[in-house]
Amino acid sequence: MSAQPESRPEVSPQRPAEPSSGFFYGWWVVFAAFFATFGSVTFFNPVLGVFSQLLEDDFGWTRSDVAGALSVGGLAAGVGAPFVGSILDRWGGRWVIVASGVAMAICALILSQMTSLWHLLVFYAIGRAVSVGAMNPAGFIATANWFVRRRSLVTGIVAVGPRVGMALFPVIVAVVIEVAGSWRAGWVTLAIIALSVTVPSLLFMRRRPEDMGLRPDGDPEPTDPDELLAIAPETDFTLREAIHTRAYWLVGVAVGLVMFCGGSVNFHQIPHLVDQGLPRTQAALVVTVFSGVGAFGAFFGGVIAQKFTMRWTMAASLVGMGASILLLMKAATLTAAL
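According to this note's numbering, the residues represented by the sequence shown are 78 to 415, in order.
Hints in this document: simulated from the structure, not taken from any laboratory.
Please note: incorrect hints may appear among the correct ones.
Cut-off 20 Å, straight-line C-alpha distance, at most; resulting in silico cross-link-like pairs (SDA-like, lysine to any residue) [claimed, not checked]:
hint: 1; residue 1: LYS407; residue 2: GLY339
hint: 2; residue 1: LYS407; residue 2: PRO348
hint: 3; residue 1: LYS407; residue 2: CYS338
hint: 4; residue 1: LYS384; residue 2: ALA221
hint: 5; residue 1: LYS407; residue 2: VAL351
Ranges between beta-carbon positions, derived for each pair [said to hold, decoys possible]:
hint: 6; residue 1: VAL370; residue 2: PRO348; range: 14 to 24 Å
hint: 7; residue 1: ASP352; residue 2: GLY329; range: 28 to 38 Å
hint: 8; residue 1: MET289; residue 2: GLY354; range: 52 to 62 Å
hint: 9; residue 1: ARG388; residue 2: GLY258; range: 46 to 56 Å
In this text, all values refer to a predicted model and were calculated from it rather than measured experimentally.
Backbone N, C-alpha and C fix where the C-beta goes; we use that ideal spot for every residue, glycine too.
Modelling step: build the complete structure from the supplied sequences, incorporating the hints.
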């Protein structure tokens with residue numbers, strides 16, 4: 078009687094989609110991107126608002142003079158955006174974030190020694206162009222390569238970074254200025270922060286999961302032919318193709334208007350509330366609460382967009398933003414402002 082060969086269960090070869098620890102590397106990219114968007118606040122409007130009155134008192138400048146740096150920086154960011162986008166597509170966010178952090182730190186150090194208005198107009202504008210036009214979008218774009226199914230959620234997490242920064246940076250800078258007795262120390266502090274936030278990107282940021290043998294969202298490599306057919310390839314556009322779509326211009330105009338309105342509110346909020354009769358400390362508290370609530374909104378906006386699509390979430394946000402600005406115009410008490 079011949080011996081029957083021992084039967085063994087068939088094992089389908091699988092390619093590991095995650096490190097052996099089971100932790101998807103994309104979350105490290107999210108961690109680095111969060112700090113990048115957090116650090117980009119160095120040259121955001123609320124931070125300059127802390128310096129505004131001090132610069133006006135020291136140099137005799139007007140508020141319009143100081144606000145002019147915001148306008149020049151915003152224009153420079155808009156002009157450079159297509160070039161930054163091309164670099165991000167080719168090289169990813171890692172080195173864009175690191176280079177942006179170094180440039181912002183240099184600009185902040187130069188501003189700590191400024192003596193003329195042109196110093197503010199030139200070097201603040203450069204720093205703002207880099208923060209708004211390069212560092213901040215690099216954080217969002219870097220994570221988009223790593224997540225597809227969870228992209229809305231991850232975008233919400235990264236969007237919390239600037240809100241946390243806008244809640245903390247004005248307070249940190251104000252305390253440093255108060256303790257040091259000089260607004261120049263505030264700029265040195267911002268330079269240190271700008272350099273520090275590049276470290277996570279230098280250590281953890283990677284361009285895309287395929288470069289590490291992984292797949293977006295940490296999904297395993299499909300082996301079943303039916304699974305392969307079920308995966309819908311993501312539609313990708315070149316710049317030339319994108320600018321010929323209606324969605325590109327609608328979203329671009331909408332985002333531009335949002336940045337204009339939001340930036341104006343961020344910079345003028347404290348002076349406006351003081352003009353309305355609130356003490357400066359209460360006006361600063363409103364900005365902190367405003368940014369803190371915005372952090373929750375950014376995160377839950379990502380959760381909501383995951384369920385109801387980005388289009389409807391964005392539309393609802395714009396309606397709420399417009400109504401809030403109208404209410405803020407008439408706010409004359411702390412309760413109303415909050």
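So, against the hints stated earlier in the document, which numbers end up violated here? Every hint satisfied by this model.
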